[in-house]
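Since the structure of chain A is provided, determine the placement of chain R on it from the hints.
Residue numbers (our numbering), protein chains in the order written: chain A, 1 to 429; chain R, 1001 to 1251.
For the record, the hints were derived by calculation from the structure and aren't laboratory data. There may be inaccurate statements among the hints.
[Unchecked claim] Derived, one-sided and incomplete: chain R residues facing chain A with beta-carbon distance under 10 angstroms:
(1) P1074
(2) L1096
(3) S1152
All values derive from a computational prediction rather than experimental measurement. Just so it is clear, CB atoms sit at the ideal spot from N, CA and C, and this is done for glycine as well.
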Amino acid sequence: MFGGLHSPRPLPEDGALVAVAREFTPRVEAPTPTPVLLDLSGLGRLWPTPQALGRALLGAAAARAIEAQAALAFSRAAALVLARACPGLTVVPAGGERAALAPLPLDLLGIGAERLLLFRRWGLRTIGDLARLPPVALAERLGPDGPRLAHLARGEDEGLLVPTPLPARFETTLELEWPVDGLEPLAFLLSRVLEPLCAALAARGAKAASLAIELGLVDGTVHARALKPAAPSGEARTWRTLVLLDLEAHPPRDTIARITARAEPSAARATQFSLLDPAQPSPERFAETMARLHEWTAEGRSGSPQLVDTHRPGAFAVSTFAPPPLPRGTCETVPRLPRVALRAFRPPRLAHVALKDGAPAFVSAPGVRGAVAACAGPWRASGDWWDVAFSREEWDVALALRPGQASGGLYRIFLDRLREAWFVEGELD
Amino acid sequence: MSAVSLPALAPVPSPAERKRALEDLLRARRLQADAPPLRGEDRRLRPLATGIAEMDALLGGGFPRGALSEIHGPASSGRTGVLLALLAQTTGRGALAALVDPLDRLDPSSAAAAGAELSRLLWLRGPRVASEEPPPRTLADATVAVATLASSGLFDVVALDLAGASHERRRLPSTTWLRLQRLVEDTTTAVVLVAEEHVACGPGGAALALEAVALRWSGPPGPARLLAALAARARAGRHGLGSADFALAAS
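Chain A on its own, in the form it takes in the complex (with noise of 0.2 angstroms):
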């Protein structure tokens, strides 16, 4: 049996009436706020009559200060169109749901304007009207809408209910009697709170892509923090470890008083574990080792380098860490010639280089001073003019052994044409 539960006046909220139905039933179809359609399949053990159920949705209703009228029948359409209809309570017994919809009005089958005009041209007023025609003549005259007209007008159903799902909103709170102070005891309470919320995202098959936490505090204030790791978690403990990492990054400035935490739940990440494959990183244990590292992520000083597109000397980006998954049966490397490795000296180093015969012969800066044993250059490169332009001359300097000196090193020096400055990129290693 369905029920059909409808509010002629404007609800106070809009799930109120989805909320009423919920009570009774998790087989709640609910497009609109009102008119709800529910599925009482097997309430009767508790309500013995169809009656006593009807009452029951109505006094629910009434609880909650909605003025509602109910209508219980065996097809959902004559359930939905009775409820919009009549009054109170209409309970329509197996069988009798054409008699009791045929001298409804056309309009309340929820047909647009403009069939609705047309069907009055043809003479028809109600809904016991348009249920006499043939239906082979209406679809020749509406196309596959005829039929399904017809079948409506009969209380006929088509297709299946569609429970609406119940609202994504993860959220849990924990208001404290007393209030706590430091992480050592909030660490249990945290549990208390990230349990049940990850419990309710892995009954929905979901993870949390995030989390926000909210901690009230005694002076009346909020503490909200916001965490995002790499990869979506379902993990209390983890979510829990990530949670305390970042309070100890950032402490809450007084005793906490209540606890909030919300998810924004994803679906869950589709991995198949392979025997064959290397091992992928967890993506749990690869955000708490992020977030145990916040004091360099925070600031923007971690993540993989990236190359740029561009000809100006030493640009280069730092994009997040995030390694990509491998492709299959590619784990073969390509032998490579080890390679000089420059180490970038960041902002260059202001040298005095004097010169002789054109080619560097001594080179003084920070950290770096002796004669000009050999050298190769020089290289000019230019670029950016659009932008902020860079023109240079690139020499790589070996210096002389200096007494107490292991070795004289191998630089890369430039002379900065636009600035007239020499300045050492960096040391050759």
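Just chain R, lined up with the frame of chain A:
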């Protein structure tokens, strides 16, 4: 007749429990470690090769896992070139590597030229300062970061670049390296220090002392000349028992 008490039977795990336990093992990447070895299976962890044949031969295959190793040598002796070769080999296999760089010396172009897969390299950079020495606490924070990375089990190589910070390094407590060695002993991570002189090398770790031997240029002095290669010599162990010559090509 005396009653005979039967020993309590251990509860038989349900298929769901067994599945969950198996998934936990897979997730913790301990399945292979906990399962009995297969016939002929070698459970010893392979050292991490640098890809420089002479160096790997000298080290007995590469830098050992679960140990503290070091590469030390004066300026321009090839320390960074060897380190980047190790990072290139590690990231090229699909593993993750981390470089803690308190003096912010890494040149990403050099790392890419060495063949490192940059998306698999985590780079922790020190604060940007104009002075030659890092600010106080930078090296202490860097060693804490190395400990965090090494104990996470996510990275095959965690490198700490101390070259150029000798003065600041001497302020670190002497137990720092002992603690770091203890921390990595039970992991599969190789911690590698890069410095100008000997710092620390744990038992089982590799100590590699480098020195520049010669510079090769592309031709006689003149405008078209290029740096061709840096020839260097590596000595393994505290007492330099073995040595190998190798060359780093200029970019």
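### Task
Enumerate the violated hints, using their earlier numbering and listing them in ascending order.
Of the numbered hints, all hold.
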